[in-house]
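Q: Here is what each chain is made of, one letter per residue.
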Amino acid sequence: DAGITQSPRHKVTETGTPVTLRCHQTENHRYMYWYRQDPGHGLRLIHYSYGVKDTDKGEVSDGYSVSRSKTEDFLLTLESATSSQTSVYFCAISEYGNTEAFFGQGTRLTVV
Amino acid sequence: AQTVTQSQPEMSVQEAETVTLSCTYDTSESDYYLFWYKQPPSRQMILVIRQEAYKQQNATENRFSVNFQKAAKSFSLKISDSQLGDAAMYFCAYRSVGGGADGLTFGKGTHLIIQP
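Going down the list, the protein sequences come from chains A and B.
Quick note: the first sequence uses the working numbering, first residue 1, plus one each step.
Quick note: the second sequence uses the working numbering, first residue 1, plus one each step.
Just chain A, same shape as in the assembly (with noise of 0.2 Å):
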């Protein structure tokens, strides 16, 4: 199994206020991604990295902002969280740019 290790699994936070999930790698991809999946809709991509510093938005991407500083972390943020961010959101990696994904274990997030 690739690895790839979100933190937290499960959070419940309240409207407004920012909530930072992080996704760690082990296996020095070049390349992250963050999903969110929801019911009717599949996954769809938030935002992605292609390198240290190196980021773009995705389809779903207002509302969230990312940051990449080493190459084994891969932060989402959430500035300031609203109800319809409540998904479950992944973490996905890839060595190259056109390459199957590999995907961690999910992080739950409701927020109230």
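Derived from the structure by calculation, the hints contain no laboratory data.
Careful, some of the hints might be misleading.
In silico DSS-like pairs for lysine-lysine, Cα to Cα no more than 27 Å straight-line [stated by the list, open to error]:
#, chain 1, residue 1, chain 2, residue 2
1, A, Lys11, B, Lys108
2, B, Lys73, B, Lys108
3, B, Lys108, B, Lys78
4, A, Lys57, B, Lys108
5, B, Lys73, B, Lys55
6, B, Lys55, B, Lys78
Pulled from the structure, derived: some chain B residues nowhere near chain A, Cβ distances all over 12 Å [as the list claims (entries may be wrong)]:
#, residue
7, Asn62
8, Phe64
9, Ser80
10, Ser82
Chain A residues, not near chain B, derived (Cβ > 10 Å throughout) [what the hints assert, rightly or not]:
#, residue
11, Asn28
12, Val52
13, Leu78
14, Gln85
Glycine residues also receive a C-beta, built at the ideal position from the N, C-alpha and C atoms.
Using the hints, position chain B against chain A.
A: Frame of chain A; chain B shown alone:
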């Protein structure tokens, strides 16, 4: 932008039987990759099989095989000798080959139920 469509929200099959999950996609590209991922109740996303568009031969992994029809933009997954452990959500996914650092595009998933 590419789109991936899974037209079967739910499928049910008897244990030991064969089931086929459908996936169609829309793209203007000639080279790309297609994948099937399995998500059991544990929530873990597991790669089942991959297909390179330039390869005419259909990919096979043990009991899992695909029927890739490039002209029809169709990529179905066949599961033979279904087992209880195959019960899961199955997602079809597309990825560009050239300059495609922006991840996979997923369908909405098919929930597969295995009847004992």
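Q: Next, verify each hint and record whether it holds.
A: How the hints compare with the structure:
1. Distance restraint check for Lys11/A and Lys108/B: the Cα-Cα separation of roughly 25 Å lies within the 27 Å cut-off, and the hinted pair is therefore satisfied.
2. Only pairs whose Cα atoms come within 27 Å are accepted, and Lys73/B paired with Lys108/B is accepted, the gap being roughly 17 Å.
3. With a CA separation close to 18 Å, the supplied pair Lys108/B and Lys78/B stays within the 27 Å bound.
4. Taking the CA atoms of Lys57/A and Lys108/B, the gap is near 21 Å; set against the 27 Å cutoff, the hint holds.
5. About 14 Å separates the Cα atoms of Lys73/B and Lys55/B, which keeps this hinted pair within 27 Å; it holds.
6. Annotation: proposed proximity of Lys55/B to Lys78/B holds, straight-line Cα distance about 18 Å (limit 27 Å).
7. Distance to chain A confirms Asn62/B as a non-interface residue, since its nearest Cβ pair spans about 17 Å, more than 12 Å.
8. Every CB of chain A lies more than 12 Å from the CB of Phe64/B, the least distance being 15 Å, so the non-interface label holds.
9. Distance check on Ser80/B: its Cβ is at least 22 Å (rounded) from any Cβ of chain A, clearing the 12 Å threshold; non-interface status holds.
10. Ser82/B, annotated as away from the interface, keeps every beta carbon of chain A farther than 12 Å; the closest lies near 23 Å.
11. For Asn28/A, the requirement that its beta carbon stay farther than 10 Å from each beta carbon of chain B is met, with the minimum near 16 Å.
12. Its beta-carbon lying about 14 Å from the closest one in chain B, Val52/A satisfies the requirement of being farther than 10 Å from that chain.
13. For Leu78/A, the requirement that its beta carbon stay farther than 10 Å from each beta carbon of chain B is met, with the minimum near 19 Å.
14. Consistency note on Gln85/A: stated as away from chain B, and its beta-carbon is indeed over 10 Å from all of that chain's, at 18 Å minimum.
The structure shown violates none of the earlier numbered hints.
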